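Peer 1: In case you want the letters, here they are:
There are 2 protein chains.
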Amino acid sequence: MAELVGNLLVAQSGGPTAVINASVAGVIQEAGKHECIEEIYGGLNGILGILNEELIDINEEKAKTIEGLKYTPAAGLGTCRYKIDFKKKPEQASKDMDRLFEVFKAHNIRFFFYAGGNDSQDTAHKIHEEAIKRGHEMRVIGVPKTIDNDLPHTDHCPGYGSVIKYNAATVMEVAFDVSSMATDDGSCCLIEVMGRAAGWIAAGTVLAKRLESDAPHIILMPEIPLNEAVFLAKVKETVASHKYCIVVVGEGLKNAAGEEIGADKSRLDAFGHPVLSGAAERLAEIIQGKINLKTRTVKLGYAQRAAEHYASLTDSQEAVACGEAAVKAAVSGQSGLMVKIVRTQTSPYKWTTGLQPLGDIANVEHFLPRDWVTEDGFLPNQKFIEYARPLIEGEVKVPTEGGLPKFAVLEKVRIDKQLPPHVK
Amino acid sequence: MAELVGNLLVAQSGGPTAVINASVAGVIQEAGKHECIEEIYGGLNGILGILNEELIDINEEKAKTIEGLKYTPAAGLGTCRYKIDFKKKPEQASKDMDRLFEVFKAHNIRFFFYAGGNDSQDTAHKIHEEAIKRGHEMRVIGVPKTIDNDLPHTDHCPGYGSVIKYNAATVMEVAFDVSSMATDDGSCCLIEVMGRAAGWIAAGTVLAKRLESDAPHIILMPEIPLNEAVFLAKVKETVASHKYCIVVVGEGLKNAAGEEIGADKSRLDAFGHPVLSGAAERLAEIIQGKINLKTRTVKLGYAQRAAEHYASLTDSQEAVACGEAAVKAAVSGQSGLMVKIVRTQTSPYKWTTGLQPLGDIANVEHFLPRDWVTEDGFLPNQKFIEYARPLIEGEVKVPTEGGLPKFAVLEKVRIDKQLPPHVK
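In order, the protein sequence lines correspond to chains W and Y. In terms of our numbering, the first sequence is residues 1 to 424. In terms of our numbering, the second sequence is residues 425 to 848.
Hints were generated in silico from the structure; no laboratory data involved. For clarity, every value in this text was computed on a predicted model and none was experimentally measured. The beta carbon of each residue, even a glycine, is placed where N, CA and C say it ideally should be. Check before you lean on any hint, since a few could be wrong.
[Unchecked claim] Below, computed lysine to any residue pairings styled on SDA-like, alpha-carbon distance capped at 25 Å:
id, chain 1, residue 1, chain 2, residue 2
1, Y, K519, W, D184
2, W, K87, W, N363
3, Y, K836, W, R210
4, Y, K848, W, V239
[Said to hold, decoys possible] Which chain W residues face chain Y? A few, computed with CB under 7 Å, are given here:
id, residue
5, P16
6, N45
7, P90
8, A93
9, K165
10, T170
11, V174
12, K299
13, Y302
14, A303
15, A306
16, A321
17, E393
[Unchecked claim] One-sided excerpt, in silico: chain Y residues whose CB lies under 10 Å from chain W:
id, residue
18, Q436
19, I461
20, A593
21, H733
22, G827
Sequences are here, hints too, so could you generate the full structure?
Peer 2: Next up, the structure:
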């Protein structure tokens, strides 16, 4: 097989994380080592920008900016939630796919890397298949990214370690605050974290517990339906023992009927999922209404996935390695794969990267195993703790300026467009 | 005047901060240098614990634990919101005051330090006056503490620098996230911060702005009534320019009728103030309903005042100095005063401590001056920025264990009770 020579395109998709830029840095820095890669381009706002031929020249960026991506949250190249949906919008999807390949051909893109979660790996998979169908020789490798930790086949996802590190630290700090105010009246604080279907993020806050009596006292995961009476009894019991109770709730918590506790069904996002805003607020109403306990809420929202200032160094290093591994796989002639993290040992923690066919990843969600949660369903157990603990080790060092983070910002020098505008 | 010799009692009151323990460390470490101070006691849960004679022996604590209070959030001694209220509950207040002095006499308390905000300085003031009236020679010094920054006479309050540092970093990170997702559809993120009456906390997030175009784009402060139409126009204008808009809202934001936007009047706290839970949620409903813009919310709640992991070193050092200054004032024979921070120079920032009669402090609230805010009321101006900028400089170093903060925890060895139980 003759060596493939051409340009590289890297893009980011879906909800950002604290380390998705670290993966892009890994792709770029590794790409610089391979002669078969001629130009290095970044696609702005994922597929959406590529459709509009919005490409930037990474070689115009300073090396220190690329290095700085390792401590910069969010998607430096911009991201999108645009989906090429052959099922729901087949005509648009065909048009989009034609256009993507026009862009790939116009810019001689032979190496394509897409960092994202389930939907994005699905997109990468389709592009890989279309490249073969269309006879456009191109290596397509997915780079895993999601705070939700719900991709299958990888031990865990880059982005996950950082979100649970920040959330666990926050739970610990809030618990210090609430317990220091706790008098005989008792009080409860509900902390809402992300996680629509999978409870990985909520579960991760268990790492804040060093003693049995430490917070969080209850973790409500979306996989386990809420039994209101049992939950209220557990809150009362906790307050009786400790004078306070810290509850972590995943935003997608459901009742026995499978309805989301905090869903506002009148609001839908781009993928048609209901916007969830109020699991903690809803539970606070229930607690105050039914057991008359002083209750406060915290909703971390986007802050948790962007919290670079307390990101996990382990997570960041793994994210970089995933980007590097993607490039190595592509230049060695592989395509249609996602990089995965393989745990080779838990204590002391050791890991390496591997590769998995994109077809095994796309649209498959990986949930918290039921036997990693205590029988009453209110806390993850030792199996989970052993799994999660190594992922939060170490702190990413973020430089500061005037007492605040100094993140890297790309110059984004545009590549001249070769094509007429995209007609949607 | 013969030198006063006896025991010291230090206690904490009101909502905790990231640095109220640093002030207690300052009191304790300074006290150790003065022979006139015999025993050093801590009162658990403020006045409430002192009424119940719940005192601990600080000399039983390890020196490294006391030093560790400088990087430990919340109230290490516990706190309370109990008020000795001669106006509303004169009988209970008289009984409580009698009891306090029984406790002071039983334990030969001659130096009393109370760290807290407005209500707590009021309590300290009453104790000072009662001590004179009752002929119990005792030095009473208030140590300022409040994230709200609403105490008069002091340049700013310990606790304030840390909360705005963390909040500004959070706004910066959330803005990176939201802007990286911003496409032509536009989006808005509302970040709710504390501040019931005063907008100091909300205003402080302006420090996240390095460029005119940076977030936060709009800051809604409780002192300035919301004009909904003007606000919505400003959001639309911001989204038109930047594709996204970050709004910071103080929890106590009011409409033109003076009603709190997010108040739930059915819930009252111990001081009879309505519990505020929903300014951001309420505004999100308005934005989505009236201009159909995708909107998300973040509610930092207790997390912001407990965020030791990104606390300001300047703030922490000032908090320690306030504790030390309180002890120095007391041993030099002064009483009935609160320590204040005096700014002697803004650039480069220089400060010292001073003293102010407690009577000048108690129950006086200090608001953000209107001429520190732009004419349209949506952002603090350069005067505020120059004031606030030095307060967030430097980071408190928190040791970690297993990737999470390792805070100090007091042993809390109890002093034997000398009195019968307190009858309320």
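Peer 1: Confirm or reject each hint.
Peer 2: Structure-based check of all given hints:
1. Straight-line distance between C-alpha atoms of K519 of chain Y and D184 of chain W comes to about 20 Å, which keeps the hinted pair within the 25 Å bound.
2. A hinted pair counts as satisfied when its Cα atoms are at most 25 Å apart, and K87 of chain W with N363 of chain W qualifies at roughly 13 Å.
3. The straight-line distance between the Cα atoms of K836 of chain Y and R210 of chain W is roughly 19 Å, inside the 25 Å bound, and the hint therefore holds.
4. The hinted pair formed by K848 of chain Y and V239 of chain W meets the criterion: a straight-line CA distance of about 23 Å does not exceed 25 Å.
5. Restraint check, P16 of chain W versus chain Y: the minimum CB separation of about 5 Å is within 7 Å; hint holds.
6. Interface restraint check: N45 of chain W against chain Y, minimum CB-CB distance 6 Å, threshold 7 Å, status holds.
7. For P90 of chain W, the interface hint is violated, the least distance from its beta-carbon to any beta-carbon of chain Y being 23 Å, above 7 Å.
8. For the restraint placing A93 of chain W at the interface with chain Y, the shortest Cβ-Cβ distance is roughly 18 Å, beyond the 7 Å limit, so the hint is violated.
9. Against a cut-off of 7 Å between C-beta atoms, the interface hint on K165 of chain W holds, since the closest Cβ of chain Y lies about 6 Å away.
10. Here the hint on T170 of chain W is kept, as its CB sits about 5 Å from the closest CB of chain Y, short of 7 Å.
11. Nearest Cβ of chain Y to the Cβ of V174 of chain W: about 5 Å, under the 7 Å cut. The hint holds.
12. Contact between K299 of chain W and chain Y, as hinted, is supported at the beta carbon level, the nearest pair being about 4 Å apart and thus within 7 Å.
13. Taking 7 Å as the C-beta contact cut-off toward chain Y, the hint placing Y302 of chain W at the interface holds, the least distance being around 5 Å.
14. Interface restraint check for A303 of chain W: the shortest CB-CB distance to chain Y comes to about 5 Å, inside 7 Å, so the restraint holds.
15. Hint status for A306 of chain W: holds, given a least beta-carbon distance of 4 Å to chain Y, under 7 Å.
16. With its C-beta approaching chain Y no nearer than about 18 Å, A321 of chain W sits outside the 7 Å limit, and its interface hint is violated.
17. At its closest, the beta carbon of E393 of chain W sits 5 Å from a beta carbon of chain Y; the interface hint therefore holds under the 7 Å criterion.
18. For Q436 of chain Y, the shortest C-beta to C-beta distance to chain W is roughly 8 Å, which falls under 10 Å, so the interface hint holds.
19. Using the Cβ-Cβ criterion of 10 Å, the hint placing I461 of chain Y at the interface with chain W is not satisfied: the shortest such distance is roughly 25 Å.
20. Below 10 Å, beta-carbon pairs count as interface contacts, and A593 of chain Y has one with chain W at about 5 Å; its hint therefore holds.
21. Hint status for H733 of chain Y relative to chain W: holds, with the closest Cβ pair at about 5 Å, below 10 Å.
22. Here the hint on G827 of chain Y is kept, as its CB sits about 4 Å from the closest CB of chain W, short of 10 Å.
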